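Student: In order, the protein sequence lines correspond to chains A and B. Everything in the first sequence is counted per the numbering used here, starting at 1 for the first residue and increasing by one. Everything in the second sequence is counted per the numbering used here, starting at 1001 for the first residue and increasing by one.
Everything labelled a hint here was simulated from the structure, so no lab data went into it. From a predicted model like this one, the values you see are computed outputs, not experimental measurements. All C-beta atoms in this analysis are idealised placements derived from N, C-alpha and C, irrespective of residue type, glycine included. Errors might be hidden in some of the hints.
[Claimed, not checked] Computed list of lysine to any residue pairs in SDA-like fashion (alpha-carbon distance at most 25 Å, straight line): (1) A:K61 <-> B:R1111; (2) A:K61 <-> B:V1109; (3) A:K61 <-> B:S1102; (4) A:K61 <-> B:F1095; (5) A:K61 <-> A:A89; (6) A:K61 <-> B:A1052; (7) A:K61 <-> B:L1098; (8) A:K61 <-> B:F1104; (9) A:K61 <-> B:A1106; (10) A:K61 <-> B:L1096; (11) A:K61 <-> A:A79; (12) A:K61 <-> A:T88; (13) A:K61 <-> B:A1112; (14) A:K61 <-> B:Y1108; (15) A:K126 <-> A:T99.
[Stated by the list, open to error] In silico contact screen, one side only, chain B against chain A (beta carbon under 8 Å); selected entries: (16) G1008; (17) A1210; (18) A1249; (19) Q1263.
Listed here are the chains, written in short residue letters.
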Amino acid sequence: MSIRRLTRRGGLAATTATALAAVLLAAGCATNTSTAASTGDTTEAPGTGGTAIGFIFVGPKDDYGYNQAAYAGSQAVAAAYPDLEVLTAENVPEDDNATRVMESMIRKGAKIIFATSYGHKDPALKVAAANPDVVVLQQGNLVDGDVPPNFGTYFGTVYEPVYLAGIVAGKTTETNKLGYVYAFPISQTLDNINAFQLGAASVNPDAQTYVVNTSSWCDPAKQAEATSSLLSQGVDVISQHQDCTATIIRTTEAAGAYTVGYHADASELAPTGWLTGSEWDWGPLYTTMVRTVLDGGFTGSEYNANFRVGLKTGDNPFVQSAYGPAVDDATKDLVEQAKTKISAEDGSPFAGPVVDQAGEVRVPAGTIPDYQTIESIDYFVDGVVGQIPSS
Amino acid sequence: MIVDVLTGGVRGGTAILYAALGETIAERAGVINLGTEGSMLTGALAAYAVTAETGSPWAGVVAGAAAGGLLALVHAVMVLGRAANQLATGLVVLFLGLGLTSMFGAAYVGRAISPFQPYPIPLLADIPWLGPIFFQHDPLVYGSYLLAPAIWWLLYRSRPGLTIRGAGERGEVLTAYGHSPQLVRYLAVVTGGLLAGVGGAHLSTAYANAWFENMTAGRGFIAVALVIFAAWHPLRAVGGAYLFGAALALSPALQARGLGFNQFALDALPYLVTIAALVLLGRRRSNAAPRRAAPEGLSRVFELTPAK
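With the sequences and hints as input, model every part of the structure.
Tutor: See the structure below:
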């Protein structure tokens, strides 16, 4: 199951606004370097000297979720580099068609290509191999072994804003029962659930997270049933990892319970119960990466594969949503303290000790797991109520 | 916990029940409509869109019924008017519904509506067990309580019902009596679509309170299977729909209590129940009373066009 499947749809108008704001910032500090790299020797650095930048998306640009966010990011790049043409292609399948779309973008002058779906990895690698003068950046994957000098992968630490939201949930709950509706037990989802519980437990040791999966990225009827089940159990804060989010939020709001959002700022769906959430904002990272490439410094840079960005580095494309009316200042202070702590050199939501449901220590005290370890988590932490479905 | 599951069964089974009741009428008249899923989906979108525009979920239900009926009319025209293969036509109608709703529905993803609210029935809602299970729902659920016996009465106790069943069993006889079996089948198929549309409307404007592409997720097919499971009997369809609903509600109810079961087995449960029921029904049919048997017109389904 690919990452883009995790994240389609969800109501996203506000992210566009955030991205636009980011564009204004980026435009202020972006010097126009697109023509600066052709001095000296004849072998130009890959990605420089083009007239266009290409973006391919696996879904429609108005899917209220993952693809819409990536599209908003591409428009941020367009605003930051008005001299370069930004080419976009929607609904690009994750097969050889993607290769053809990228090749045609290259013929139109693109020297930088963003392949924004997890499943675009193989076509992207193929295009990078065939076009050494083009930089191909691929969203979501980690790659092993030798990486071509003109190929990069990148993603954000999605679990960091979820951890911060967990703090808000833990301080807000009155029943100490939090609910989490998720689609499938893949590691990115398990990361989020664990981070949510760890965040809640860091401020409220009695908080527990009850999990229900729906075995579907978007089945509103199942979501309604899952939410009702949690509410009838006394859960009073509900978060989720689903593609479409409206049903869960509205059901929660109608019951007078609290909502922690995912994918987008959906506070308008829950005017009284909205606490906070996490949403996408790709503009700053895309713009920084483009600047690095145009400066001729891509090869060997941190973006030259397996780049992960988080609170430590800045530019995290997954950010915490605005607070709702139910969150008090003391709680906001706790979030700020945690943010400072995670941003520190030895900080992480998964800083040890992390104990799983069975009481086994998975991350020893004093250690910080690396991204590969975090992205392959296969257990629930202590405090999560429920079991990972067995096959 | 048991009350939760049964409550969820009624709540979640209602959409399927409407579609199954409609399909019962269509199949009783001799036409099977695999496009029921499409009618549900167009009904869900039309109801959501009209509710969003007018602010009235009742107007939405009317629109949902009309949209479901219109799509079923396409099926009827192709099958009855053009003698097309009814299984293939049903699938084509389904894909038509999928395509149309994904095209016109994009604008309504994320739109908010004022949906149907639960309306606890005074006194009845306070009865322990039965109250929460049956009497704390939205009006469309109560509507289905009345509709199922009404359709039973229509089919088995009224003259129009005899005509419908006649169209499904022996069209020639109807012709001899001066009726048009084709007209009866048209009406039956369109009625089936109308009710499937109401089922879809329940999903989007009462149950899930949202519109998303392909949100019926196979419930229309479950309804068609249920009609067979219920041996074309509207009251048995009620039990079947609630059984499916309860099977779907079981998984989240167990999980919300931290109980671990094999999730994939739970996901398969509603379908396993269908298969088990069909197997039991098949065994029974060999010595079944004629009432339990499939309409004669349907057993000619291998000719794939209804007998004249």
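Student: Holds or violated: K61 of chain A and A1052 of chain B, Cα atoms, limit 25 Å.
Tutor: Roughly 23 Å separates the two Cα atoms, so the pair holds.
Student: Does A1210 of chain B meet its interface restraint, that is, does its C-beta lie within less than 8 Å of any C-beta in chain A?
Tutor: holds, 4 Å
Student: Taking 8 Å as the limit, does the beta-carbon of Q1263 of chain B come near enough to a beta-carbon in chain A?
Tutor: holds, 3 Å
Student: Is it true that the CA of K61 of chain A sits at most 25 Å from the CA of L1098 of chain B?
Tutor: holds, 20 Å
Student: Quick one, is the A1249 of chain B hint okay against chain A at 8 Å, beta carbons?
Tutor: Since the shortest Cβ distance to chain A is 5 Å, the answer is holds.
Student: With 8 Å as the cut and Cβ atoms as the points, is G1008 of chain B at the interface with chain A?
Tutor: holds, 5 Å
Student: K61 of chain A and A79 of chain A: Cα distance at most 25 Å?
Tutor: Measuring from Cα to Cα gives roughly 17 Å; hence the hint holds.
Student: Under the criterion that the straight-line Cα-Cα distance not exceed 25 Å, is the pair K61 of chain A, L1096 of chain B satisfied?
Tutor: Holds. K61 of chain A to L1096 of chain B sits at ~23 Å (cutoff 25 Å).
Student: Sort out whether A89 of chain A lies within 25 Å of K61 of chain A, counting only the CA atoms.
Tutor: Measuring from Cα to Cα gives roughly 9 Å; hence the hint holds.
Student: Taken at face value, is the distance from the CA of F1104 of chain B to the CA of K61 of chain A at most 25 Å?
Tutor: At roughly 16 Å apart (the allowed maximum being 25 Å), F1104 of chain B and K61 of chain A satisfy the hint.
Student: K61 of chain A and V1109 of chain B were given as a pair; does the straight-line alpha-carbon distance stay at or below 25 Å?
Tutor: Measuring from Cα to Cα gives roughly 14 Å; hence the hint holds.
Student: Next pair to validate is K61 of chain A with A1112 of chain B; report whether the Cα-Cα distance is within 25 Å.
Tutor: holds, 21 Å
The structure fails none of the hints (numbered hints given earlier).
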